[in-house]
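Asks: Chain by chain, the residues run as shown.
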Amino acid sequence: MAKIIGGIGTSHIPTVGHVMDSGTMVGDYWEPFINGIQPARQWIKKNKPDVCIVVYNDHGSNFSLKDVIPFGIGMADKFLPADEGYGRRNVPTCYGHQALSAHIAESLIFDEFDIVMSNELDVDHGLTVPLSILYDQPSEWPCKVIPLYVGVVQYPQPTGNRCYNLGKAIRKAVDSFPEDITVAILGTGGLSHQLQGPRAGLINQDYDQKWLTGLVNDPLTTKDISHTELIRETGSEGIEAIMWLVMRGAMDDKVNEVYRFMHAPVSNTNYSLIILENQNKGGK
Amino acid sequence: MKKDYHDIPGTYVFDIEQAQKGYALNKFCETLNRAEGREQFLNNEAAYLDTFDMSEAQKDAIKKRDINKLLELGGNIYYVFKIAAVLGHSMQSAGGMQAVPRMSEAEFRQMMIDGGRPIEGNRSKKENENG
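Top line first, the protein sequences correspond to chains A and B.
Per the numbering used here, the first sequence runs over residues 1 to 284.
Per the numbering used here, the second sequence runs over residues 1001 to 1131.
Think of the hints as simulated: they come from the structure by calculation, not from any bench.
Any given hint could turn out to be false.
[Stated by the list, open to error] Residues on chain A that point at chain B, a partial pick, calculated with CB under 7 Å: (1) Gly85; (2) Gly151; (3) Gln154; (4) Pro158; (5) Gly197; (6) Arg199; (7) Met262; (8) Ala264.
[Said to hold, decoys possible] For each label pair, taking beta carbons as the anchor points, the in silico distance ranges come out as: (9) B:Arg1102 <-> A:Pro156: 27 to 35 Å; (10) B:Asp1060 <-> A:Gln42: 47 to 55 Å; (11) B:Asn1128 <-> A:Ser176: 46 to 54 Å; (12) B:Arg1102 <-> A:Asp21: 25 to 33 Å; (13) A:Glu229 <-> B:Gln1110: 40 to 48 Å; (14) A:Lys254 <-> B:Lys1069: 29 to 37 Å.
Nothing here was measured: the structure is a model prediction, and the numbers come from that model.
Heads up, the beta-carbon is just placed ideally off N, CA and C, and yes, glycines get one too.
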């Protein structure tokens, strides 16, 4: 049977992609970030998931506001990097796992998550930057990728509770997939950052640390934090943190925090990274 | 309608009302995802903008590169940033353009290096008024 072997939370800052792609990730500014992400690279190298389910949001790249979609899943066998306004990122194409994405979509619908299914989907920095953070610059991504997108562009975004329960439903789907494959689930975006308005540049590390500790040890309280509190404390784009709740929902109730790293600034954000493993590794 | 998040200072929450107001503006921004859209915008801005169903105020704010005004008029930052990106601005440069008073890219970058804009004093309009 398929098995979830870990949950990773990471910010998905586009600048990280630009700087890596142009070979300019050097110097004092980048050193703490480069050092801080190494344990995640070691973790992924050691654990080698066959599939990464990447929970991310599109930033008006593949999608427009013509239709505003709360939750969707990529069904295709491949996903190209999106043109976000400056050409496609020069990173490998993501190859999907069509049998697993079909199984997840079907399972979600019977669990009453009426998920949108995308048979063509270009993936933007929300998805490709986390892969770059974990895998550096390979000629091919070492895992299959299933994009799971959440509509966070327009308020009200899905509630934290709904995201957490979506994670639980994804877990149930993965657990019932008959192939013996390993799966990592990535929650991306966040944590504190505000890109817009006169308050742009807001960083609230104390809140982010508390929120992360809550995510790990007390998700049932953390999932119920209101959108207004998240926007107020962590910035208008800090609301992306709801996608980490999808990841958390897919893990067991009891998890080990294997690694945490936080560093500000990376571009306009408080870069945050966490790795979770289920305490009961042998179990479901 | 008054919402609780309107108490957050310096922030335009892109809610459904804003999305309705800014639909044509964001639709224009979305065309900058394609080389032909970027070309038309860069080569003949005014004529290209006229092909969209935007208000004069929205077109004027684009002309003036006034990001805050665009947000007020229903722009969403992910979409509006595409205008800035096509014009060669980084996200930190765009951050500086929105600061009041305006900051240069270098000043904004330095503010971020110094820990970013602090939450104290930036949490609530009501809190700020009541000291």
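Asks: Using 7 Å as the Cβ threshold, decide whether glycine 85 (chain A) counts as touching chain B.
Replies: 4 Å, holds
Asks: Does the beta carbon distance between arginine 1102 (chain B) and aspartate 21 (chain A) stay inside 25 to 33 Å, or does it fall outside?
Replies: About 30 Å separates the Cβ atoms of arginine 1102 (chain B) and aspartate 21 (chain A), which means 25 to 33 Å holds.
Asks: Any CB of chain B closer than 7 Å to the CB of methionine 262 (chain A)?
Replies: With Cβ-Cβ at 13 Å, over 7 Å, it is violated.
Asks: Cβ-Cβ distance between arginine 1102 (chain B) and proline 156 (chain A): within 27 to 35 Å?
Replies: The hint (27 to 35 Å, Cβ to Cβ) holds, given that arginine 1102 (chain B) and proline 156 (chain A) are roughly 31 Å apart.
Asks: Answer holds if the nearest beta-carbon of chain B is closer than 7 Å to that of arginine 199 (chain A); otherwise answer violated.
Replies: It holds, given that the least Cβ distance between arginine 199 (chain A) and chain B is near 3 Å, below 7 Å.
Asks: Does the nearest C-beta of chain B fall within a distance shorter than 7 Å of the C-beta of alanine 264 (chain A)?
Replies: Holds. Min distance 6 Å.
Asks: Using Cβ atoms only, decide whether glycine 151 (chain A) comes closer than 7 Å to chain B, and label the hint accordingly.
Replies: 11 Å, violated
Asks: Taking 7 Å as the limit, does the beta-carbon of proline 158 (chain A) come near enough to a beta-carbon in chain B?
Replies: 14 Å, violated
Asks: The hint names glutamine 154 (chain A) as touching chain B; please verify it with the least Cβ-Cβ distance against 7 Å.
Replies: 5 Å, holds
Asks: Using the Cβ atoms, figure out if aspartate 1060 (chain B) sits within 47 to 55 Å of glutamine 42 (chain A).
Replies: 53 Å, holds
Asks: CB of asparagine 1128 (chain B) to CB of serine 176 (chain A), is that within 46 to 54 Å?
Replies: Hint holds: Cβ distance 52 Å, inside 46 to 54 Å.
Asks: Return holds or violated for the Cβ distance of glutamate 229 (chain A) and glutamine 1110 (chain B) against the range 40 to 48 Å.
Replies: 29 Å, violated
Consistency with the previously given hints fails for numbers 2, 4, 7, 13 and 14, ordered from lowest to highest.
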